[in-house]
Amino acid sequence: MSRKLVETEGPKWVAQGIITTEQQQRLLALYPDDARVVGLLPLLGSLLVGLSALSLIAANWQDLPELVRLLLLLGSMGGAYAAGEYFLRRGGNDSLGIGLIGLGLVLFGAGIVLTSQMYQLIGYDVTGLLAWAVAGTALTFIYQSRFLFALTAVIGGIVQGYSTGQLSGFSYVTAALAVLGLGYYWWRRPDALLGGILATGIMWQAGLLIDFLHTKITWFFIPAMLVYAAGDWQTDRPAGRALQAPPLVAAFLFTFGLALYGETDTYAGLLRPPLMAYLGALLAVFAVSVAGKRVRGRLGSLTDWLLLLPGFYLPSGLALAVATLVVLYAYSGAVLWRAQQEHNADRITLGTTLFILTTMAAYFKLTWAFMDKSLFFLCGGALLLGLSWYLRRAARAALPPKSE
Amino acid sequence: MATPLPLVRRHRLVLLAVAAQVLFLLGVAAAGYATTAWGRTLTLRTTPVDPRDLLYGDYVRLNYTISQLPSRLWRETGRAAQANEPVYVVLQPADGAYEATGVYAQEPAVEPRQVVLRGWVTNSWRHGLRLRYGLERYYVPEGLGRRLEKRPTLLVQVSIAPWGQARITRVTGY
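Protein chains in written order, with this note's numbering: chain A, 1 to 404; chain B, 1001 to 1174.
Worth flagging that the hints you see were computed from the coordinates, not collected in a lab. Do not rely on the hints blindly, as some may be mistaken.
As the list claims (entries may be wrong) - Straight-line Cα separation of at most 25 Å, SDA-like style, residue types lysine to any residue; simulated pairs: (1) A:K216 <-> B:R1137; (2) A:K293 <-> A:L350; (3) A:K216 <-> B:P1070; (4) B:K1150 <-> B:R1137; (5) A:K293 <-> B:K1150; (6) A:K365 <-> A:L309; (7) A:K216 <-> B:K1150; (8) B:K1150 <-> A:D63; (9) A:K216 <-> B:P1086; (10) A:K293 <-> A:L384; (11) A:K216 <-> A:Y278; (12) A:K293 <-> A:W305; (13) A:K12 <-> A:R26; (14) A:K365 <-> A:R396; (15) A:K216 <-> B:A1083; (16) A:K365 <-> A:T218; (17) A:K365 <-> A:A319; (18) A:K216 <-> B:T1122; (19) A:K216 <-> B:R1079; (20) A:K216 <-> A:P238.
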């Protein structure tokens, strides 16, 4: 409840005799008018002054002596860290403090780039930028901040992208820093939002590795499902589930693509890694995942692994498309079924969406070729409307009646 | 579970982390000076550059005579150069500037008058190689652009440190 609500609704409550005027005043006193608006003006003012200084420096950057430029970089970075530390120490404005620490970290990265540019230095390896990711990881641990965690995950992705794109080398140290550094942080302080960010960051780097190695893209699912399996071992259920979401989204989209385009042999051919090696690796990850699910008592979520069935080894053709559609139906059906068991409204919505998507794919796949276009759209629309109505009804029936 | 660090310990760690970052930036600057101080300076010739870059841009795009080399200089037997592959280019003096004598996938041992410059293959075809050295952009100091405007072919002085780091130290007209 906010002060605004008490202010606007209070008189009505008094009029209706729910509370007395005195009680309304006491309620108001509970929510002191914070001087936020007044505090905003100097902040905006200093922001403008800062921006003018920034544009002045940027416009004359090339003409400044090297030493001045270096001092400016060091000064702005140190200033941001000092200001952040000041606000954190004073208390009461922690998000501003952490924001400034984050600014200091960004300025460190800018400092690395601008200093090497100033001295016309060439980066032959990623050491320079790796220091940026190391600094981010260190600050994340020192301040235990979710904002710095997310920033560091992004920085790791940038460093890795630069390494593979510009320097033609995958930086295993950067990848290890993300997995071990941020991964350890998340493992000790499980958090749903950070789980999603961590998984996305690691999968981005895994994708860059697959691209760098010029190997079959299906290998991507080995590291991705290792991330998933780590979620199985996490004791904090919501955090583990959040870590597993990005790999599952990737697997679903991949299977979805296979259903749509798997008929052509060229596409399916791109996906087939050596059978024994791939299956061996996948089964090993599967075993880790199953063990985790068993220990944590979550064997119900085994259906997630349906998406990893390597259907692309089947001879391509309509049969492959149909088999993939069956897998997609089985998966979205399983999501719906489990959501109804758990009475989880969000997951019912998710399952419904997946189910409708699958139906759409199946319909496009199987009827486009031999049906009149207008009839096709009419039937498709009717099918989807009917399906969504039925699923919504099922979802409502599954949820317990609202008690409030 | 999450337990915030004790305040005193955190301050010490923050100081340490910030000091390390300051030192690192100073180290990058020092690497620049050290490359000039201990590096071997040599001159590379460019092909004509766009004069508009010199006048209006922050930097000029340099295209060297060693940016494109005939494929006979590729010294690895049995395979062609791959795009994006890191390579070592051996340079030696040839009337006033350095020219390439060989391109290697591993760092080769060279004669005293030769130097090794690191680079990347950007493109490779049957008769030639296109290479990138990271020296293709020169941030033009104030005033230099106007002086060089009429001389589109430039001589670029590059320092190459014993540890392989290279940097442009000077750009002059031909």
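Okay, the hints, checked on the actual structure:
1. A:K216 <-> B:R1137: With Cα atoms ~36 Å apart, K216 (chain A) and R1137 (chain B) exceed 25 Å; violated.
2. A:K293 <-> A:L350: holds (22 Å)
3. A:K216 <-> B:P1070: Outside the cut-off at roughly 33 Å; violated.
4. B:K1150 <-> B:R1137: With Cα atoms ~19 Å apart, K1150 (chain B) and R1137 (chain B) stay inside 25 Å; holds.
5. A:K293 <-> B:K1150: violated (73 Å)
6. A:K365 <-> A:L309: Judged against 25 Å, a Cα distance of about 20 Å means the pair holds.
7. A:K216 <-> B:K1150: violated (52 Å)
8. B:K1150 <-> A:D63: holds (22 Å)
9. A:K216 <-> B:P1086: holds (23 Å)
10. A:K293 <-> A:L384: violated (35 Å)
11. A:K216 <-> A:Y278: With a Cα-Cα distance of about 10 Å, the restraint between K216 (chain A) and Y278 (chain A) holds, given a limit of 25 Å.
12. A:K293 <-> A:W305: Given that 25 Å is the threshold and the Cα spacing comes to 12 Å, the pair holds.
13. A:K12 <-> A:R26: holds (16 Å)
14. A:K365 <-> A:R396: violated (31 Å)
15. A:K216 <-> B:A1083: It holds: about 19 Å lies between the C-alpha atoms, which stays within 25 Å.
16. A:K365 <-> A:T218: This hinted pair holds, its Cα atoms lying about 23 Å apart.
17. A:K365 <-> A:A319: holds (12 Å)
18. A:K216 <-> B:T1122: Status holds; Cα separation ~23 Å.
19. A:K216 <-> B:R1079: Within the cut-off at roughly 23 Å; holds.
20. A:K216 <-> A:P238: violated (32 Å)
This entry does not satisfy hints 1, 3, 5, 7, 10, 14 and 20, going by the numbered hints stated previously.
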